[in-house]
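Engineer: Whenever a hint applies, use it, and build me the whole structure from the sequences.
My numbering runs 33 ahead of the 1-based position in the sequence shown.
Hint data in this document are derived by calculation from the structure and do not stem from the laboratory. Check before you lean on any hint, since a few could be wrong.
[Said to hold, decoys possible] Lysine-lysine pairs mimicking BS3-like chemistry, simulated, CA-CA at most 25 Å apart:
| # | residue 1 | residue 2 |
| --- | --- | --- |
| 1 | K236 | K145 |
| 2 | K318 | K398 |
| 3 | K233 | K145 |
| 4 | K398 | K420 |
| 5 | K284 | K301 |
| 6 | K398 | K145 |
[Claimed, not checked] Derived DEER-like restraints, expressed as beta-carbon distance ranges:
| # | residue 1 | residue 2 | range |
| --- | --- | --- | --- |
| 7 | R44 | F366 | 28 to 36 Å |
| 8 | A410 | S335 | 29 to 37 Å |
| 9 | T121 | K318 | 17 to 25 Å |
| 10 | L519 | S428 | 19 to 27 Å |
All C-beta atoms, glycine included, are put in the ideal place defined by N, C-alpha and C.
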Amino acid sequence: MLSASSSLFIRFTNWVTPARVAFIASLLISWIAISTSGSLNRDGMLYVDTARVFLNEGFVAAKETFSLPFLPIVMALFSKLTGFGLETSGYLLNALFLAGACALMTDCAGRKYPEAVWPICLVLLALPGLNHYRDEILREYGCWFFFMLTFWLSLRWSESPRWPMALLAQLALVLSALFRPEALTFFPALIMWQWFTSPKGEKLHRTLMIGGLPVLGLVAFAVLFLTGQLESGNRLVADFNRFNLVGFETKAQALSASLLPYARDQAKSILFFGSISIIPIKFVKQLGIFSVPLLFLFSTQSLRMTLTRWQPFTWAFFAHILVLVVFVLDLQFLAGRYVAVLSLLATPLVGYGLWLLMRRFPRWKHAMILLAGISLASNVVSLNPSKQHFVQAGSWLAQNASESPRVYIESPRAAYYAGWRFATRLGAQDRSLLPERIAQKQYDLAVLEVSRSEPDITPWLSSSGLREIQRFTETNGDAVIIAEPLSGRIQDNASKTGRMREKTGSTE
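Structural biologist: Set out below in C-alpha cells:
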C-alpha cells in the first residue's frame, strides 16, 4: 500500500508542472473574476452583437458591423458547436486563450530561466496588468495566445531549425494578427533575434527561414499600399496611415496656439515627449508591486547579460514599444490593455527578479508570496459598482418597448440588455438636439444615460418636453432614465410602431 501511494504521489508531482499550474490556476482566476463582475464590457457587447449578425446574416454583414470580426466569428462558431450562448462562449474562449498564453509563457520562461520558473509562474498569475481585464471579452486574449504560441514554437525551432516548425510559427503569428493587426510587428522581432543570435555560418539561412516569407508579404503590402490598390476602408491601411506625420503636425499646431508665446516653438517637443511618457507611466502602474523585483534585477545584474538571456522577448518588447509610440502620437491616448502586452513580455524578468529577491532575503520569502496573493485578489475580485442599472433598464425596455427609430437611445448598454442591436447605437448622441426633435414628435421614448457628476436632470427634462417614467440608479449615483414626451404617453407595446405600454412610477 505504501509503495502504491508513493508511486501515485510521484506520478502526481511529475504531472504538476509550472505550465500546467499556470493554465489551471489562470482558468480558476478568470472564473472568479467573471463571476464577481457586474456586467459585460462595451467591446464585449459589440463582439456579441457582431457574432449574432454573423449567425443570422453571414460574413459580409458581420464585417460591416465590425471591421475585424475574427473573434466574433470564432465566438459564433463555438456557440453553434457547443450550444452555449454567445456571451458565455466569449467569456469561455477568452479564459482559455489567456490560460493558454500563461502556460506558454511559463514554458518559454522555463527554457530561459529554469531556476526561477515557479516565481515566474506566480508573477504571471498575480500581475495587475493581466488580471485587470479578466472579466472582459477582448480581442487581446486571442492575440496574446497566438503570439505566445509563435514564440514557443520559435524557441523549439531554434533548437533544431526545420521548415515545418518555422512555417507553423509564422502561421500562429498571422492568426494572432487576425485578432489585432499590430501583432505583425513581432515578425521583425523574430528576424532581429535570429540575426543577432544565430551561429555565424547559419545566420542568413535561419533569418530567411523564420522571416523570409513575412518580408515578402510586407513588400507586397507596401507596393499595393503605395500604388493605391488597397481599399481606403481597409483596417490595415488605417493602421499603416498612423505613420503619417500630418496628423501630429496638426495637433502640434493646435497645442501651440494654447501655449504661452515663449513656449510655442517647443510645441512639437512638448506634444511628443508628453505623449510617449504615457507608456512608461502605464507600464509601471500595471506592474504594481512587481516593479520592485524588476528594479532589483536591473540593479544587481549586468544589463547586457539580462537582455541577452531574455531573447527573443527583448526584441518583441521593444517592437511593441514602437507600436505604442505610433498609437499614442496618433491618439494621445492608450488603453491599459495595449500596454498589458509589455507586462506579459516582461514576466520572465520580473519573475527572475523575484527569485533573486527571495534568495537575497530568504526570511521575507513568505511575505513576498503573500503580497503577490494580495495583488492577485485585489485585481481579480471586483469591488466596483456592478452597473446593474444597465441590466435593469434593458430588462424594462424588453418588456415595455420594441426596437424602433422612434426610441431615442443614449445608452447602448441598456439597448444591449434589451436584446436590441448594440452596434447601431454606438454613434454619439447630441442631447442638445433632443428638445427640438421631441417638439417635432420624432420620438416616443427617450433612454438617457446620466452620470453622477451631472447636475439634476429633472429641470432639463421638464423644459425639454419630457416626463420621467422610470429611473434605474447604480449605487454610485449613475443612472439610466427613461422618459416620454409630455404631449402624450406612449400606448401599448403591441403596436407595430413599437410604442410602450403606459406605465408610470420610479424604480431605484
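Engineer: Please flag the earlier hints that this structure goes against, numbers listed from lowest up.
Structural biologist: 4, 7 and 9
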